[in-house]
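**Q** Chains as they are written, first to last, in the numbering used here: chain Z, 1 to 515; chain F, 516 to 585.
One should not assume that every hint holds.
[Stated by the list, open to error] FRET-style restraints, in silico, Cβ to Cβ: (1) Z/Val390 x F/Asn568: 39 to 45 Å; (2) Z/Lys227 x F/Ser535: 27 to 33 Å; (3) Z/Leu397 x F/Val557: 34 to 40 Å; (4) F/Asp561 x Z/Lys31: 34 to 40 Å; (5) Z/Gly52 x F/Asp561: 55 to 61 Å; (6) F/Asp561 x Z/Gly399: 44 to 50 Å; (7) F/Val557 x Z/Gly399: 39 to 45 Å; (8) F/Asn571 x Z/Glu212: 50 to 56 Å; (9) Z/Lys227 x F/Asp561: 31 to 37 Å; (10) F/Glu542 x Z/Leu411: 38 to 44 Å.
For the record, the hints were derived by calculation from the structure and aren't laboratory data.
These figures come from a predicted structure and were not determined experimentally.
Ideal Cβ positions, reconstructed from N, Cα and C, are used throughout, including at glycine.
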Amino acid sequence: MNGEVFRQLMAWRNEKALHMRVERFKILQNKTIEMIAEEAPKTYDALADIKGIGKKKLAEFGNEILGIVNRYGGETGLQDLFSHQSSKTALSKEQEEQDKDAEKEPVFTVSNFLNFLNTKFSERTVCVQGEVSSVQVHPSGIYFSLKDKDDESVLNCYIRPSVYERCGVVLDEGMEIKMSGVPNVYKPKGRLSFLVYTLELAGEGSLKKAYELLKKKLEEEGLFARKRSLPEFIHRIGIVTSRTGAVIDDFRRNLMPLGMELYLCDARVEGVRAVDDVLAGIKWFNAYMPDLDVLVVIRGGGSLEDMQAFNNERVARALFASAIPTFCGIGHDRDVPIVNLVADRAASTPSIVAMAMNASWDRLRENLPTLRQDLLYSFESAMSGVRTNVDTLLEKLLGYIAQLFLRFRHLAHQLSRALDEIGARIESIRKQSNDMMASVLQSMSRVVRDMGTMLHARETYLEGVSPERNLKLGYSIIKNEKGKVVRSSSDVKIGERVTTKLGEGELVAKVEEVN
Amino acid sequence: MQKEKEKISDSLSKLEKIVSWFSSQNEVDVEEGLEKVKEGAVLIKDLKERLKNVENEFQEIKKDLSGEEE
Chain Z
1 MNGEVFRQLM AWRNEKALHM RVERFKILQN KTIEMIAEEA PKTYDALADI
51 KGIGKKKLAE FGNEILGIVN RYGGETGLQD LFSHQSSKTA LSKEQEEQDK
101 DAEKEPVFTV SNFLNFLNTK FSERTVCVQG EVSSVQVHPS GIYFSLKDKD
151 DESVLNCYIR PSVYERCGVV LDEGMEIKMS GVPNVYKPKG RLSFLVYTLE
201 LAGEGSLKKA YELLKKKLEE EGLFARKRSL PEFIHRIGIV TSRTGAVIDD
251 FRRNLMPLGM ELYLCDARVE GVRAVDDVLA GIKWFNAYMP DLDVLVVIRG
301 GGSLEDMQAF NNERVARALF ASAIPTFCGI GHDRDVPIVN LVADRAASTP
351 SIVAMAMNAS WDRLRENLPT LRQDLLYSFE SAMSGVRTNV DTLLEKLLGY
401 IAQLFLRFRH LAHQLSRALD EIGARIESIR KQSNDMMASV LQSMSRVVRD
451 MGTMLHARET YLEGVSPERN LKLGYSIIKN EKGKVVRSSS DVKIGERVTT
501 KLGEGELVAK VEEVN
Chain F
516 MQKEKEKISD SLSKLEKIVS WFSSQNEVDV EEGLEKVKEG AVLIKDLKER
566 LKNVENEFQE IKKDLSGEEE
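One chain only, chain Z, in its complex shape (with noise of 0.2 Å):
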């Protein structure tokens, strides 16, 4: 591998990289560089056989490229056209040249000296301003003038179709524009060109119709018209802005905390690269988060020129296709940005977009304590007549115990009275029972006593009237042999034997006659 194509391209591939602001990579890989110091490709078939080499960059750094192998890398070739030792010497590349000029005048082929031309021209990328003029779109590119503002001087001008496309500009006659890009001399026609990398609007006239032109194309097309509506509650929100800056703290903090979550995607907002950074952010969020409930593209306000990418069609285009829901928020004053035009809603400042954004939960936070209220309103009241019905029985239930009350009242006083009666008539009867023992008492004493006399009478009369006692008066009692009181002779018979009693004693006597 020769060292010094390799280091020679790299610091080329660099410096181009930096100028085109666009990654290394995109230039050339490290490993195709590798690739070409080994191989030495000296023509363009021999180039395109390199792998990671494309038509593309063929075209587009092949005669750069083979610039660069030529000089210092080949035995061959242009490499002594600019020096006579293969190794470095001290001294510039003109002084090389002024030497190698004393010494001998070297002689180009028309070939090599158109390749030796656009070498040098590609070593520099330059930056030209002017106004367009004759346009020209080809399939194959897009072919204009560029004019002196304040002479006739005229630079004709080529951009790549990809150049063109990304740089979202629609080029008219009139434009002011700034492009970057190298001088080329097209080989067949012997023409001279500006190989256009870079574009983009300059002054504010040209800013202003390109405006207009691509405000009014997309009217057209009804890219402004569909206005889809943002969902009730954001809480997921895809954000494309700057990470630094005020915007997306003035954003934050205009958001209510209500537990939201935030993804940033960093873009450049302003400048050539923010077209790409706020489409890929654009793009981005449509392919790896297609749920989120909003996506948010802001900026602070500025002039025209600053908000170039937020009038640029492919940003517009983007934004259009996006599937989630679009909310811009782009400072401004006169002239509405093209994206706020497209995007399903749009407000002038990033706070606002904030505010908006606590709006969608409005209907939770405002409703919530109204309809709490409402509720505890409604049962109440409904309750309120359920008590009041409650009230009304209860009020006639206590009414009804309290003439049970009465009632009980009144049968207690009536039973007392009674008992009274009661114990009355028995207090009474006790009374009476008490005088009747007495009088019986009495007369059962009287009578004892009478008896007592009546007795003692008798007992006079009886003993007065004794056997015993007319036994010893002298008289006897005359038994027969069958124990019968002898009243009359008849009761005995002759022989008989008698039992006589006497006062004292008794005898027993034998019948003799009987008369």
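Dock chain F against the given chain Z, drawing on the hints supplied.
**A** Then chain F, alone, in the frame of chain Z:
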């Protein structure tokens, strides 16, 4: 996430329905009314929870540059 959003919306309309249920009744059945109020209280609690101060989460996405661009 979509589900949560629907949940909020559902809960809200449920709550609205409960409130209008009360006003539509001539005579509120106590049992049923109590049930509804209980249900409403739960909904209100959930929804309030959702409105409580919860810090927003902020995160910068790392997009793969080489993968995404042309």
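**Q** Work down the list of hints and note, for each, if the structure agrees.
**A** Against the structure, the hints come out as follows:
Distance hint for Z/Val390 and F/Asn568: a CB-CB separation of about 43 Å, consistent with the stated range 39 to 45 Å. Between Z/Lys227 and F/Ser535 the CB atoms are about 32 Å apart, so this pair conforms to the stated range of 27 to 33 Å. One distance hint, 34 to 40 Å for the beta-carbon pair Z/Leu397 and F/Val557, holds here, with the actual separation near 36 Å. Under the hint 34 to 40 Å, the C-beta atoms of F/Asp561 and Z/Lys31, about 59 Å apart, miss the expected range.
Taking the beta carbon of each, Z/Gly52 and F/Asp561 are about 59 Å apart, inside 55 to 61 Å as hinted. Distance hint check: the CB atoms of F/Asp561 and Z/Gly399 are about 48 Å apart, consistent with the given range 44 to 50 Å. Distance hint check: the CB atoms of F/Val557 and Z/Gly399 are about 42 Å apart, consistent with the given range 39 to 45 Å. Between F/Asn571 and Z/Glu212 the beta carbon distance is about 39 Å. The supplied range of 50 to 56 Å is therefore violated.
For Z/Lys227 paired with F/Asp561, a C-beta distance near 32 Å keeps the hint of 31 to 37 Å intact. Look at F/Glu542 against Z/Leu411: about 41 Å separates their beta carbons, and that is inside 38 to 44 Å.
Checked against the numbered hints above, the structure violates hints 4 and 8; every other hint is satisfied.
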